[in-house]
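Full structure from sequences and hints, please.
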Amino acid sequence: MTNAKLDSLRQTISEMLAKRGQSPEFSDEDSLFDSGRLDSASAVNILLELESAFGIDLGDPDFDISQIDSFAEITQLAQSQG
Amino acid sequence: MNCNVANRFANAASRYPDNMALAAGKTQLTYGKLRQLVQQVSAQVRPALRQGRVGVLGSRSIEACAAFLGIAWAGGTYVPLGLNHPDQRLIALLELLELDALIVDRAGFQRLSPELRRAAPPLILAPQDEPGTFAPLDAELPAADLELSKQPAEVGPDHLAYIIFTSGTTGMPKGVMVNSRSIGLYLDAIHPWYELRPQDRAAETCEANFDLSIHNMLTAWSAGAGLYIMRPLDMVAPARFIRANQITTWLSVPSIVALMRQAGGLTASSLTSLRLTWFCGEPLSVQAVRDWSEAAPNSIIENFYGPTEITVAVLRQRWDGEGPVTRERGIVAIGEPIQGVEAIIVDAAGQPVPDGIPGEIVLAAEQCSQGYFKLPDLTAEKFREFNGKPGYLTGDRGYRDHTGVFHHLGRLDNQIKYKGHRIELEEIDARLREAAEAELVGTVTWPMTGDVVGGLAAFYSSGTLEPEQVRARLRQLLPPYMVPELLENIADMPLSSNGKVDRKALVALLNGRDQARAAS
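Residue numbers (the working numbering), protein chains in the order written: chain P, 1 to 82; chain Z, 1 to 520.
Source of the hints: derived by calculation from the structure; they are not laboratory data. You can take every hint at face value.
Result set (BS3-like, lysine-lysine): computed pairs, CA atoms no more than 27 Å apart in a straight line:
1. Z:LYS419 x P:LYS19
2. Z:LYS382 x Z:LYS500
3. Z:LYS389 x Z:LYS374
4. Z:LYS500 x Z:LYS417
5. Z:LYS150 x Z:LYS33
6. P:LYS19 x Z:LYS417
Written as structure tokens, this is what we have:
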């Protein structure tokens, strides 16, 4: 189940990259935000998807926003909630 | 006298070498360390300087900050280029600018396509593993003279400190040229009331190609204070950033307040570390300032007004808990001019009008910029002398009330503010004409919530092209925030009596459809 959700998130990110006029390809380790490839509006959408699909509590004071810079980090965060 | 803006940083670095100067994520640099990096950058670009312009393709990074100071230290002119501009636009800017060198941060490095590299100067400095260090991309260039200069290069008052690009009606951004004297006068004028201190922790909330970032960097580094860079992800949760870093001084566009309210990050007394807040760049709604003062009860709040052309900002209004308010718009007044600045309201003939009568806001000050890069006609049109001082016709409508407080009423033209960006609707029109291969085009702001722009909608009349094709082309021509969310091909473009596209009729069309939908 988680894998299907992660695949869907990967697809969302590809579409966001394309929408910003970039190649939709990215590796698990690529920096998505600090590299400037995606902007904060895209981050908000990714966070909303993390919240709805994986039940991640964004209001948690321990939640560190910088831990979603790469897909590998996002995966780790999503699985930690499983 | 040496007017180099880097002097302010150099003095603070001598006085407070062990203070924290700059932080981004887990990387923190002291003034001593940052000075060393800055001297290296300076030594790397200095041998390449001819006319002096050095571009920076980067933002929100240690590298972009080291580049800003390093260029100044070397006696160059800093030209930040937007990371969010598509290739074609960056190439056009590079061709216009004829840079001596280009410095890229990690994000900028990723943007270096073969086409961009062809348009770039031979010397490109790319980031190395150690934060804030660079090496020439082309190893065949002769090794730079790496003798470090202890002090910033000697420059006079007319030396261009920076060129910042802002939206232009012709379809290309226009570069505002600010000299060392102007930025120095600005910093001196605001110093008596902002008084940043070595223990302050300031936030960098802005992109490098927005002149508020120059305010953030130079006010912090004149005082020995720390500057905390908000990386793109930090912009999603600014309240968290303020709390985590115990930020004490904050300058941003008011749009961030709305974003924080949406994300639920603006609860009462949640930002107690703040002692000083400036808002600038957009109308500040009474609601936003009330929310902020509840969230940051220890902070004074200043509304700050001024276009890039007059050097950062020139009018200010402290919020007293109740006002003063510009009733017509439900926003905080823009207040009174800072030291050395005169604000005058003029009629269509350029003559001053009495208090209470609306007209165009003209700003006159020695800190006025030098005009637009390579655009002498536009410069002559917008920059004129008033009362013996260089002045700028803002295109903003406003009036002065009987207490001497200025109020902002809107624009005389089609310049808008959207998500903190200054945009000329004609610039989008010009690119849409190209993308849609259509003569008749019209861009409007829609929907609107009071004065706040909720989106962009554009229309074109073309027999062949579908909106999605046009959108794909526009993305190659404009930064993402300028690509309209709504694009439509319409057969009957509404025209006004003088034959121009009627923007008001387009807005009425959208509103009418909305009402019809709501009724059905």
